[in-house]
Every structure is written in structure tokens, then in C-alpha cells.
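Colleague: Input sequences plus hints: build the corresponding full structure.
For reference, the chains in residue letters:
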Amino acid sequence: MKTTLYIDRESIVHRLHPTLKIFGLFIAFWSIYWIDNPLTLLPFIAVELAVAAFIHAGENIRRFRWFFVLIVLPTMITWLISYRRGTPIINMPLLHVSKESILFGLGKGMKVAALVLGSVLFLSSTKVEELSVGLSRLGLPYRIGFTITLAFRLVPLFIESALTVVDAQRLRGYDFDAGGPFERIGKYVPVIIPVFMGALRKANNMAMALEARGFGRSNLPTSFIEYRMHRRDAGAFAVLIGVGAISFMLYWTGYGAIPGASIHS
Amino acid sequence: MKSDPINSDLAPAVSVEDLSFTYAGNETPALREVNLIQRGGQMIGIMGASGAGKSTLAKVLNRIVPELEGGDFRGVVRISGKPIADAHVCDLATEIGMVFQDFESQLFSTTVAHEVAFAMERVGMPRDQILARLAPALEAVGLRGFEHRDPTTLSGGQKQRLAIASVLALRPRVIVLDEPTTDLDPEGRDEVFVLIRRLREDGLSLIVIEHEADELRQCDRIVLLRAGSIIVDGTPAEVMPRLELLEECGVNPPSLDRVVQMLGIEGHPANIDDAESAIRKRLPRMPSVPRAPATSANRAVVESKPLLEVENISFAYPDGPKVLDGISLCIGPGEFLAIVGQNGSGKTTLAKMTVGLIAPDAGSILLDGRDRASLRPAETAGQIGYVFQNPDHQIFAPTVEEEVKFGPRNFGLEDDEIERRCDEVLRAVALDNHRGSDPFLLSKGQRQRLAVASVLALRPRLLILDEPTTGLDYREQRKMMTLVSDLNRGGVAIVMITHTPWLVAEYAHRVVLMRAGRKLFDGPVREFFIEDELLRTSSFQPPEVTTLGRRFGIVALSAAELADWLRGRGA
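As given, the protein sequences belong to chains W and A, one line each in that order. For the record, in the first sequence the residue sitting at position 3 is 3 according to the numbering used here, with numbers rising by one throughout. For the record, in the second sequence the residue sitting at position 453 is 453 according to the numbering used here, with numbers rising by one throughout.
Hints listed in this document are in silico derivations from the structure and should not be mistaken for laboratory results. Even for Gly, the Cβ is constructed at its ideal location relative to N, Cα and C.
Footprint (simulated), chain W over chain A, 3 or more residues, beta carbon under 8 Å:
(1) 116–130
(2) 145–155
(3) 165–179
(4) 351–360
(5) 405–413
Modeller: Following this line, the structure appears as C-alpha cells:
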């Protein structure tokens with residue numbers, strides 16, 4: 001089973017300096033943050049999709065399709081219901097739907113989708129080693145950076161072990177689906193304990209293997225791959241600054257907001 | 001640690017003096033008064049039961065004990081003549097390399113090249129030196145051309161070889177391998193042991209911890225540990241013939257030594273040829289030309305209404321290759337079937353399908369004549385039980401008793417019925433003295449038996465065991481298998497997935513060999529072990545006694561059987 005999102009390609013995006021890729025992820029978040037209007041968001045999402053096509057990340061987006069559905073739809077619905085301003089189309093004690101609330105819900109959902117998409121693109125084009133290098137170039141202590149990257153490796157292992165444990169307990173006649181919502185959470189004790197104990201054991205094994213390979217000997221480990229800034233990095237930097245500025249301008253001029261409805265109004 | 005090259009070459013690679021160690025919070029010492037000297041270029045095999053102190057001894061050599069796992073430490077350890085008491089684990093990485101059993105936990109990188117570079121980067125090696133050492137390290141373990149592969153996509157054997165490469169790249173003088181092949185399939189085991197042989201020829205000092213004695217015959221010395229003390233330290237020829245002592249120490253003695261001793265022959269056969277000539281000398285009237293293998297009677301296969309009928313099933317993961325490709329299989333009541341084949345051949349997928357955890361893309365499965373697809377996994381737990389490979393994937397309760405009662409409770413059985421079943425299965429797995437114990441404090445073998453007990457409590461008529469003996473020492477393996485064959489005699493049909501040839505030979509009645517999702521063989525054990533071509537292409541070595549026996553014209557499944565037969569013929 002493939003446990004990372006990284007797609008081994010030699011695209012320009014892949015070859016960017018790790019620090020610049022982290023900056024790119026920051027700009028994606030920054031740009032999306034300022035904009036609520038779904039129409040204004042569209043071009044930003046289009047850019048992300050274009051990058052996705054360029055680096056052949058389609059497979060990863062497909063892997064996350066349920067995630068998109070499960071996160072984006074509830075976000076939309078929650079905001080659609082809780083946003084109670086604007087000229088109502090439907091106005092009932094519990095349900096208030098206006099043109100603004102539809103746009104607002106849609107916008108929030110798209111924002112979350114765009115953030116997830118940006119992260120998927122980042123992980124599709126960045127090796128965890130690069131993330132570690134990039135973070136340390138940004139001044140984060142090496143050990144902390146490494147711990148973060150290690151987490152990326154561990155999460156899929158834990159998910160795999162959790163799925164096995166669920167299977168094992170189901171085969172002993174355990175019914176995870178019975179009972180109310182609170183009861184159901186309690187029902188996961190027979191899963192959490194084995195996964196947790198397994199995680200402790202794995203972490204202990206990893207600590208031994210890490211130290212035995214010299215981890216901790218040097219606070220500034222060398223890197224067998226040289227990361228240098230190139231002209232393409234300068235170009236990408238300029239583009240990213242431009243995108244970030246456009247987003248902020250859109251917000252500043254009011255094009256990023258939903259017409260006739262601001263959350264502050 | 002810079003050291004004078006001349007001095008360090010003359011000094012022993014490893015020396016351990018009067019070493020005793022007790023883990024913090026423990027009463028009994030893990031090591032007692034251990035003395036060990038390894039000259040450069042020697043290969044030492046360390047054997048002993050689980051808990052005898054093998055891993056502790058290994059960890060002492062690079063200071064994991066006591067630096068990461070603390071306790072009361074006494075004695076002196078020297079690597080290349082230098083005492084290491086003041087060194088840190090990470091400082092010793094360039095002096096002594098460590099390879100562990102759990103290869104998943106030793107790989108940290110996203111490409112093979114990064115993985116090999118990992119340790120070199122950590123010790124601050126300059127970039128050009130790393131690049132210069134990368135290729136030779138990969139070459140040494142046979143992974144050239146894999147530089148850009150994601151390690152998670154490698155086979156178990158390749159992963160373990162990669163872990164060895166990343167240690168080799170630091171060019172340590174000593175490499176310690178702690179049960180490096182326990183989690184591997186036969187092909188992976190072969191790969192790793194071939195590599196170990198090559199490293200030894202290159203002059204590296206090696207310490208290998210193993211509990212299959214067969215694999216350690218090539219060592220210069222064998223060290224046997226019991227309860228933290230070295231019981232014997234000698235050449236394989238001195239140690240291997242001491243069958244009783246080996247068994248007492250939880251080690252499976254080489255089967256060839258068993259046969260020759262049963263025939264009253266002195267000495268230690270280094271290989272099958274040796275054993276054959278020793279036997280022919282003792283029994284000169286044995287026919288000298290091997291005849292066609294005898295088809296001795298097999299243990300009967302019960303013919304009756306099948307418990308499980310698998311009809312032409314196929315399965316593929318989304319976007320993946322076929323995992324199962326047109327498999328049919330019939331299992332009757334009381335059978336004992338072993339499923340063998342490389343990892344990735346589809347064994348576990350097939351097993352999971354029979355219990356309803358995965359649905360086939362095509363084909364059908366009938367359980368007691370009913371369509372599996374119409375039954376939920378939990379519904380059939382009373383008919384077909386599944387013991388996962390790792391008992392720690394299911395154990396969660398605070399006591400042994402509670403763990404066993406979990407299943408019957410899920411089925412809403414009456415309290416006194418639950419009590420009765422709990423008593424019954426705990427007695428069956430010899431854990432009735434541990435009812436109130438915390439399962440996490442039991443040994444691996446006990447936890448494995450507890451997992452079996454908790455599945456047995458549902459009284460299945462068919463029990464599937466996925467590699468039930470992995471990671472157990474010989475004594476625990478025998479206990480587990482005695483339990484399984486007792487169950488079988490009591491009428492429970494057994495399907496056992498395994499990589500261990502002698503388990504197949506001594507316990508199973510029927511074998512299914514799988515490769516790439518297809519069934520290549522399905523028949524009695526004795527017929528399986530004469531399928532030379534199939535066995536070879538599947539890297540499944542018959543037990544050495546079986547191979548030896550065939551040179552005399554019998555397909556023997558155990559040392560005792562072969563010795564009896566030879567005595568009868570040769571006398």
C-alpha cells in the first residue's frame with residue numbers, strides 16, 4: 001500500500017526549492033483566507049486544479065474525494081442554515097434561506113475544499129525530506145522539523161493498524177454500529193487500546209533505530225541532495241507574491257465579499 | 001570515536017567483561033556475569049528462549065541499554081578495544097551497526113537513496129562522501145537500480161536489505177542483527193541470509209540473533225543464553241549436537257543432528273551431504289541409488305459435506321493487480337490445511353474473504369451450504385474463527401479472563417455459559433493460572449495463545465490461523481502447535497497460513513500453495529514435498545530431514561519418522 005501522497009515526477013513544481021514550496025502553500029492559504037465570494041474563489045481553485053493537472057496529482061485528489069464530500073458538504077449546510085441574514089427565499093422558524101446564505105454556504109465549502117486541495121498539491125510535489133529541509137531553512141530547529149515529517153510517516157501506519165483491529169473485533173461478534181452516538185464513541189475502546197499500545201511499541205522501536213543510525217549526533221545534519229535557489233525559484237516567488245497581492249486587493253476592494261452581505265453587517 | 005587504526009585492528013571487535021544488567025523496575029537480572037570476546041571477522045550466533053537476554057545483550061553493545069532503556073548496569077563493554085561507557089548511542093553508529101527485527105520501524109525516508117543516505121547525513125558526513133558511498137552500499141545488498149523507489153513499496157526482504165544497506169554505509173566494523181528474518185517470508189529469509197554470508201566473506205564481524213539453529217551452522221561460534229547467562233560458547237560442531245540442551249534453551253535443534261543421533265552416529269553433520277554419508281557409513285546396506293520417492297500413506301482426508309466451499313473467486317483492489325485469480329477450495333470438517341506462498345500471493349486476502357471481511361469481485365463462497373455474501377462477519381463467528389497474525393491487534397481487556405469473555409458476551413450468552421466456556425478454553429491454552437493477569441504483561445507466546453482462546457470461546461468449527469508461530473521461540477511454537485493439533489483432533493477444522501516448512505510437515509495434512517493469486521498445488525503434504533520444481537520456484541525449502549530422506553527413497557516428515565524408517569531398512 002502506498003502510504004505517502006508524493007508523486008515522483010520531474011515537473012518544475014517538483015524542482016522548486018523546498019522553502020519556496022512551503023511559501024507556496026502559505027500563499028494558497030493566504031489567498032483563500034481573504035475571499036468569501038464563491039465566484040471570486042473560482043479562479044483560485046482553477047489555478048490549483050491547473051497545478052494539479054500539471055503535476056499529475058489527479059490520483060491523489062481521487063483518494064481524497066470522500067474527504068471533500070464529507071467536509072465540504074456539511075460545512076456548506078451548516079453555514080447555509082446558521083447564516084440568517086439577507087432577503088429570505090424561505091423563511092421558517094428553523095430554516096432561513098436567502099440568496100446570501102446560499103452564496104455564503106457555498107463559499108465556505110469551497111474555501112475548505114481549496115485549502116485541502118492546496119495541501120494535497122503540496123504533499124504531492126514535496127518529499128517529507130524536503131519538508132524537513134524547508135522547515136529548518138525557515139529557522140525551525142531540526143529535531144522539531146524531523147518530528148513533524150515523521151508524523152506523516154506514522155499516521156498511515158496507525159490507520160492501517162486501526163483497520164486491522166476493527167476487523168479483529170468484528171470477528172469476535174462486536175457490533176460497532178449499535179447504540180446512540182455517545183455509546184458509539186465508548187464502543188471504540190476495544191480499538192483504541194490495541195492501536196495505542198501498538199503505537200507505543202512502534203515509537204519505541206523507531207527511537208532505537210533512529211539513535212542507532214546516528215540521530216542526535218549532529219544538530220546540523222548534512223544533506224546528500226543539494227538544495228539551491230535557482231532562477232525558477234525567483235520566478236515562482238514573484239508569481240506567488242502577485243497571487244497573494246491580487247487576493248488581498250480583491251478583499252480590499254470588496255470583490256472578495258458576497259454582495260450585500262458581510263458577516264459584520 | 002577516532003582510534004589508532006593499528007591498535008583497533010588488533011583489539012577484539014567486541015569484548016564484554018563481567019556484564020550484568022537489570023532493567024529498571026525489574027527484580028530478576030536480564031544479563032548475569034556475561035563474558036564474550038569477538039575477534040575481528042568472526043560471526044557469532046546467539047540463541048536462546050524468549051526472555052533469555054539475547055536482545056538485551058545486543059542493545060548493550062551500542063548502549064541502547066542502558067542509555068535508552070535504563071537499569072542497573074555493571075561491567076565493561078569495548079568496541080575495537082575502546083570502552084564505550086562514555087559514548088552515546090548515536091556516537092557509536094559508525095562503530096557498530098544495528099539491524100532490528102521490525103523493519104517497518106527502521107525506515108524513515110521516501111526513497112531508497114534517501115534511506116541509505118539517512119544515517120550518513122545524521123552523522124554529518126560531507127555530501128561528496130555520501131554520494132561516493134551510496135552506490136557501493138546499495139550494490140552490497142543487491143538494491144542497485146532501486147534508488148528512486150519508495151521503501152514502503154518494497155517486499156519485506158528488500159526492506160530488511162535496505163535497512164542493512166543504511167547501516168553498512170557508515171562502514172562499522174561490527175554489525176549486530178537481532179532476529180532479522182523473523183517477519184519475513186521464505187524468499188525474504190533466503191535473501192537476507194545470502195547477504196549475511198556475503199558480508200561475512202567481506203570480513204565484517206557479525207553477531208546474529210536467531211532461533212532457528214539451521215541458519216546458524218555457518219557461524220564461527222554459537223553462544224547459548226539461558227536466563228541471562230551464557231550456558232555454552234563453542235563452535236557449531238560442539239553446540240549443535242547437544243539436542244537436549246538446545247531444546248531446554250528454547251531452540252529448535254538442527255533436524256539433521258536429530259536424525260544422526262537417533263541412529264547412534266556421533267558428530268555433527270554440517271549439511272545434508274554430510275548427514276547422508278555418515279548414515280551410509282553406519283548403514284552400508286542402504287541402497288546406494290536413490291529410488292523414486294515412496295508414496296507412503298497420508299493421513300486420511302475426511303470425505304464428507306464440506307464446511308467451506310470457495311468457488312472460482314477473484315479479487316483486485318481498486319486500480320491494483322489481481323490479488324486472487326480464480327481460486328477454488330473446499331474444506332471439510334476436521335481437516336488440517338496449511339496455506340503457503342510468498343507474501344503478496346493472496347493467502348491472507350483469501351482467508352479474510354472466507355470470514356467475510358472482504359467480498360470477492362467474482363465467484364462465490366458457501367459456508368455450511370449458505371451463501372457467505374448474505375452473512376455478516378459477526379454472524380458467522382460461531383462457525384468460523386480467525387486468529388490474526390499479531391495477537392496485539394485484538395487484545396485490549398484488563399485481564400485474561402475478560403479478554404476471553406468479550407466474544408461470548410457480544411453474542412449475549414448466559415453468564416454461566418460464558419463462565420463454562422472461559423474455563424474450558426483457558427484450560428485448553430494452558431492459561432488457567434493467569435485468569436486475573438494483565439494480558440500486556442504476558443509473553444508473546446502466551447498472548448498468542450490468549451488470542452486463540454478468545455476466538456475459541458465462540459466454538460467455531462473452522463479455525464483460521466494467520467502465521468500463528470511468528471516471533472515465538474521453539475518451545476512456544478511447540479506449545480502453540482500442540483494446542484492447534486489437539487483442537488484438530490477434537491474435531492475443529494484448521495486452516496493455517498505459515499512460512500515454516502517443519503510446521504507444515506509435522507502438523508498439516510494437506511497443503512495449498514499459492515502464487516500471484518493462483519492456486520498452484522492442493523494435495524497431501526507428502527505429495528507436496530516431492531514437487532521439486534514448484535518448491536524451488538516458490539522458495540519453499542522442504543525440511544532438511546525430508547530432503548535427506550528422499551536420498552534414501554522416503555518422503556519423511558520428521559526426524560523420528562526418518563530415523564525409524566532407516567533403522568528398519570538398514571538393519
